[in-house]
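> Single-letter residue listing:
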Amino acid sequence: MNHDAYPDNYIRAILNSVKSIAMVGASPVNVRPSYFAFKYLAQRGYDMIPVNPGHVGKELLGKPFVASLSDIERPIDMIDIFRNSSHIMPVVEEALMLDPLPKVIWMQLGARDDVAAAKAESVGIKVVMNRCPKIEYGRLSSEISWMGVNSRTLSSKRAPAPTQGMRLSLNRMSVGGGDTAASDRAARNKTEQS
Amino acid sequence: MSDRLPGFSTLAVHAGAQPDPTTGARATPIYQTTSFVFNDADHAASLFGLQAFGNIYTRIGNPTNAVLEERVAALEGGTAALAVASGHAAQVVVLQQLLQPGDEFIAARKLYGGSINQFTHAFKSFGWNVVWADSDDIASFERAITPRTKAIFIESIANPGGSITDIEAISTVARKAGVPLIVDNTLASPYLIRPIDHGADIVVHSLTKFLGGHGNSLGGIIVDAGTFDWSTGGKYPMLSEPRPEYHGIRLQETFGNFAFAIACRVLGLRDLGPALSPFNAFMILTGIETLPLRMQKHCDNAKAVAEFLAGHPAVASVSYAGLASDKYNQLARKYAPKGAGAVFTFSLKGGYDAGVSLVSKLQLFSHLANVGDTRSLVIHPASTTHSQLDDAAKVKSGAGPDVVRLSIGIEDKEDLIADLEQALGA
Chain A
1 MNHDAYPDNY IRAILNSVKS IAMVGASPVN VRPSYFAFKY LAQRGYDMIP
51 VNPGHVGKEL LGKPFVASLS DIERPIDMID IFRNSSHIMP VVEEALMLDP
101 LPKVIWMQLG ARDDVAAAKA ESVGIKVVMN RCPKIEYGRL SSEISWMGVN
151 SRTLSSKRAP APTQGMRLSL NRMSVGGGDT AASDRAARNK TEQS
Chain B
1 MSDRLPGFST LAVHAGAQPD PTTGARATPI YQTTSFVFND ADHAASLFGL
51 QAFGNIYTRI GNPTNAVLEE RVAALEGGTA ALAVASGHAA QVVVLQQLLQ
101 PGDEFIAARK LYGGSINQFT HAFKSFGWNV VWADSDDIAS FERAITPRTK
151 AIFIESIANP GGSITDIEAI STVARKAGVP LIVDNTLASP YLIRPIDHGA
201 DIVVHSLTKF LGGHGNSLGG IIVDAGTFDW STGGKYPMLS EPRPEYHGIR
251 LQETFGNFAF AIACRVLGLR DLGPALSPFN AFMILTGIET LPLRMQKHCD
301 NAKAVAEFLA GHPAVASVSY AGLASDKYNQ LARKYAPKGA GAVFTFSLKG
351 GYDAGVSLVS KLQLFSHLAN VGDTRSLVIH PASTTHSQLD DAAKVKSGAG
401 PDVVRLSIGI EDKEDLIADL EQALGA
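Taken in order, these protein sequences are the chains called A and B.
Okay, so the first sequence: first residue is 1 according to UniProt numbering, each after it adds one.
Okay, so the second sequence: first residue is 1 according to UniProt numbering, each after it adds one.
Please note that a few of the clues may not be correct.
Capping the alpha-carbon separation at 25 Å, the derived lysine-lysine pairs in DSS-like fashion look like this [as the list claims (entries may be wrong)]:
id, chain 1, residue 1, chain 2, residue 2
1, A, K190, B, K235
2, A, K190, B, K176
3, A, K190, B, K349
4, B, K303, B, K124
5, B, K150, B, K176
6, B, K327, B, K297
7, B, K394, B, K124
8, B, K338, B, K297
9, A, K119, A, K39
Quick caveat, the hints were computed from the structure, so don't treat them as lab data.
Turn these sequences into a full structure, and let the hints guide you.
Quick look at the structure:
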């Protein structure tokens, strides 16, 4: 997988197929990005599990915190890692001990570890790095268009009127032509420099 | 679902606009409302805390304006955009995110006269200091860089003389200095030049001109290229530091490659207030649907008129980058191969008086202070748009006393040439 620019179909297939998501580094502080993403994904119908050893015994939006991935007593489809790039590898190593293995490992905006990614991909796990699932869900459903963001999707089909908590269709035509190639290029240059 | 690469004209018609989910309306409805009902208290709190996508109040966002924003972002190849009340408002909102009092920004000297006034006088009272550089001398930008420099501002096609700016060369200076390059792309429109492809980090427009295109609605827009890393060195605290307005959110960390557009919306537009009317957004959106058709006709007409003027005995010189003999023709071939725009100047052998006489005799060209209308327009900058500059500054910005500026419309070119011929000849 080219981790500089993901095809929309790759992201779409992931968000359409996963049901349970363990969020490592989920924060109960309501101005942290992890809190935003956790709440949004829960509202869109994903089975969210907050993982943070510092908050065991408490709940995040009604879901009990667990200390580690191994404490989760049901199969996990996707692990969403809200940690800095330097803390990714131990999480991936822990994920590789799970049985069954997760289908997807997702690293948040700003987080990237190509060695850890290769390790996960070698056992058939799909990897996404330096992206936010909330932003990608909002983009592919075009919900993010309310914020003036270039969703890079087009549709002549009428969407259902959105109601609270509903899942949105991500199956709109993707258009590379509404590209943000310049932004992807800048991100790649930054990775190469560091 | 496949990843396709649709063309510019398809995006001009479709980007950002889907059928209205509630009514099925195919044209984008005008959501002429100040405010939007919340589902419940939690939804309201999520929206105010920037945790959910949605609408609160039209000063922060509006569904009609959002279609316009996404469309222009798509046409420019940016990650996001923010529509505001005018091109001038776009410039205030952009620089408010980048500069603290005492900071500097470098601007090309050849600019729209209104921008020169805004930068020189209005921004001075905010403590934002403009330092001028010369687009024909790239080294002058390098020399102007200081530790307080926060941005570089240029026009892709510069007002009023229609000169073409070497965006890539100036973007190299900006990158080296670690500051964003802001490009005003009003006179080119993304149909002719996409500055982000040449290294711009932020693009601004007066939508009032070619994008709206019909001379009927004011508007401005800011496009975020998603290319600049705002986190380095604490130089841009509006983006990198916890914002007290939002209980400590860091915008770059939360919104990634469209954080600048979000900052402009939730810190700039929200607090400064220059919101675009949804009605104007609708008019401008309708205009953009025909941008590729109009822009090509504007350019083709402009070239024919410029060639006519260049051969006329009463004309001393024509400044149009689309002419093979022009100083900027090489840059035009590189940056704007489809056409060099439709706004240019020429000077008359008869000087100031001949300029005034020409303007009064024209029957089809309208004498007014705008550009980028379907109608052809004429103005004498020295006595109008650039009248507040002193004589030396007028000449430096390409608006000397003998200069007349044209904005060529989409009428039949034969009629435009005939009108000029009778006005010059009599």
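> A separate judgement is required for each hint: does it hold in the structure or not?
Results of checking the hints against the structure:
| no. | hint | result |
| --- | --- | --- |
| 1 | K190/A with K235/B | 18 Å, holds |
| 2 | K190/A with K176/B | 14 Å, holds |
| 3 | K190/A with K349/B | 54 Å, violated |
| 4 | K303/B with K124/B | 39 Å, violated |
| 5 | K150/B with K176/B | 12 Å, holds |
| 6 | K327/B with K297/B | 23 Å, holds |
| 7 | K394/B with K124/B | 20 Å, holds |
| 8 | K338/B with K297/B | 11 Å, holds |
| 9 | K119/A with K39/A | 30 Å, violated |
Consistency note: the structure conflicts with the earlier hints numbered 3, 4, 9.
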